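Chemist: Chain by chain, the residues:
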Amino acid sequence: MSDDLREGRIVIVGASLAGLRAAETLREEGFTGSLTVVGDEPHPPYDRPPLTKQVLLGKAAATAVGLPMRRDPEAEWRLGVRASGLDTVEKQVLLADGESLPYDRLLIATGTRARPWPDAEQGALDGVFTVRTVDDAGRLAERLDAGPSRVLVIGGGFTGSEIASACRERGIEVTLTERGAAPLVGALGGVLSIFADRLQRHHGVDLRCGVTVTALRGDGHGRFTGAELSDGSQVEADIAVVALGAVRNTEWLADSGLAAGPRGVACDAGCRAFDMYGIVTDDVFVAGDVSRFPHPLYEYQMMSLEHWGNAVEQAKVAAHNMANPGPRRRPHLSVPTFWSSQFGLNIKSVGVPTFSDHLVIAQGSLEQGRLVAVYGYRGRITAAVTINMAKWLEYYRHLIETAAPFPPAPEAADRSAAASFPIHSDVPDPAVLSHGPTVTLTGHLPDRRLTRVWPTG
Amino acid sequence: MRIVVDLNRCQGYAQCVFFAPDLFELHGEEALLYDPAVPEERLEAVRQAAAACPVQAILVGEEVSSRVR
Chain A
6 MSDDLREGRI VIVGASLAGL RAAETLREEG FTGSLTVVGD EPHPPYDRPP LTKQVLLGKA
66 AATAVGLPMR RDPEAEWRLG VRASGLDTVE KQVLLADGES LPYDRLLIAT GTRARPWPDA
126 EQGALDGVFT VRTVDDAGRL AERLDAGPSR VLVIGGGFTG SEIASACRER GIEVTLTERG
186 AAPLVGALGG VLSIFADRLQ RHHGVDLRCG VTVTALRGDG HGRFTGAELS DGSQVEADIA
246 VVALGAVRNT EWLADSGLAA GPRGVACDAG CRAFDMYGIV TDDVFVAGDV SRFPHPLYEY
306 QMMSLEHWGN AVEQAKVAAH NMANPGPRRR PHLSVPTFWS SQFGLNIKSV GVPTFSDHLV
366 IAQGSLEQGR LVAVYGYRGR ITAAVTINMA KWLEYYRHLI ETAAPFPPAP EAADRSAAAS
426 FPIHSDVPDP AVLSHGPTVT LTGHLPDRRL TRVWPTG
Chain B
3 MRIVVDLNRC QGYAQCVFFA PDLFELHGEE ALLYDPAVPE ERLEAVRQAA AACPVQAILV
63 GEEVSSRVR
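Residue numbers (this note's numbering), protein chains in the order written: chain A, 6 to 462; chain B, 3 to 71.
Treat the hints as calculated values from the structure; they're not laboratory data. Check the hints yourself; a few may be wrong.
As the list claims (entries may be wrong) - Here are the simulated distance ranges between beta carbons:
| id | chain 1 | residue 1 | chain 2 | residue 2 | range |
| --- | --- | --- | --- | --- | --- |
| 1 | B | Gln-58 | A | Glu-304 | 29 to 39 Å |
| 2 | A | Pro-332 | B | Arg-69 | 42 to 52 Å |
| 3 | B | Arg-69 | A | Tyr-305 | 31 to 41 Å |
From a predicted model like this one, the values you see are computed outputs, not experimental measurements. Ideal Cβ positions, reconstructed from N, Cα and C, are used throughout, including at glycine.
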């Protein structure tokens, strides 16, 4: 049995971080069969986090972000062609160029794309950008080099805030609009969002919260000139960056019979995809941003993570399980982690901050601009966020993994005076956000409305 | 050659900044910025930086493009 799993044909759809790391791991696990990696972008796998940081700052070329290999996966790379469908009965991936690729086992790692501006005509104006791909970032960096008079950033999540930070560092005027009460509120809750609000204003961002952009205007020759806001005001700008979150690339699976939809492709803790009846498959696996998987630390709710670290860890587990039989398979249990650098600060997170009812500032303070915020839910620690105190994150990861009581016991050095006083974590109802947080819990808890469904029409 | 730093692991010890200040820099107190493209003549310095990293967060390797036909 195990010999069989090390042979045959494996197709990986998605040629970014998760696809590459899975391909490498398959070879490490002894897979000797044929391996094909399909990617819709023409580029070999590249690293996306630098696109909103080094690349927009002009410190690295957009062409320089290709990912290094841990080892050569000896794969056939089919780049620049989109997967258009999946036949799970005949076990074939259909490609947009008409070809079909037969497989014995399949890994779905198609990730996400930037959510486009809802009005296609306005979104097509020259000067309107999203930043998800290396081509997006390269074009935007060129425009920033030309010295625009003002950049409008639509959406104050991590991506929008990092873009605003890069622009301000280059001395470019920035207006940022956020539909919520403050930037980063969707990912970190109300308390730290107030800090982010102050931070952005201190660095000269013209911050407009509680408003939405209702229209992008052009000059009649297809060139972006400004935007109209929901409070009746207008913003004149040469560039608009739409940073309204991501859309999961699952459309190609619509007729596949898999449990795939706007929230991702559902899979079990071993990365095996569920079909539409909730029956687990044994030849289709999922990893990275496109997956939804149950996490025991978060009451087995289905979790979607748009995180670099999750793509790496889940890809390794998926690949291991594709090359090993049942009893030797492993679960994907790693605690979510992410980082963001903006306005000269290092913001890092472990756990799920939105899975909380209270928090304490355990170390440091908002005033010092360096702190550890520890989040709790019903008396246990569920997350920690550090600002310029990253060395503490491992300690709190351990507390999260062991379901330590909240508020945390006074063991840490440098304990703040506020550490004994939990305050409401003020996590917003996702329905009021203009873009999803980068961690989404998509299960159901009776007392928490994590998902709302409206009838259409 | 290319580098990628696992910034979940990175804790800002800045050993890499000492070995190759032209490729690694701290942005503020502890946010690391780096140039992913390693010039051939800096490869040795980058390998030393990777070896010296206390949390082993730096991966140096060939780009995939070298293997794409």
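Chemist: Each hint should be assessed against the structure and marked as holding or not.
Modeler: Right, here's what the structure says about each hint:
no., hint, result
1, Gln-58/B <-> Glu-304/A: 29 to 39 Å, "holds (33 Å)"
2, Pro-332/A <-> Arg-69/B: 42 to 52 Å, "violated (34 Å)"
3, Arg-69/B <-> Tyr-305/A: 31 to 41 Å, "holds (39 Å)"
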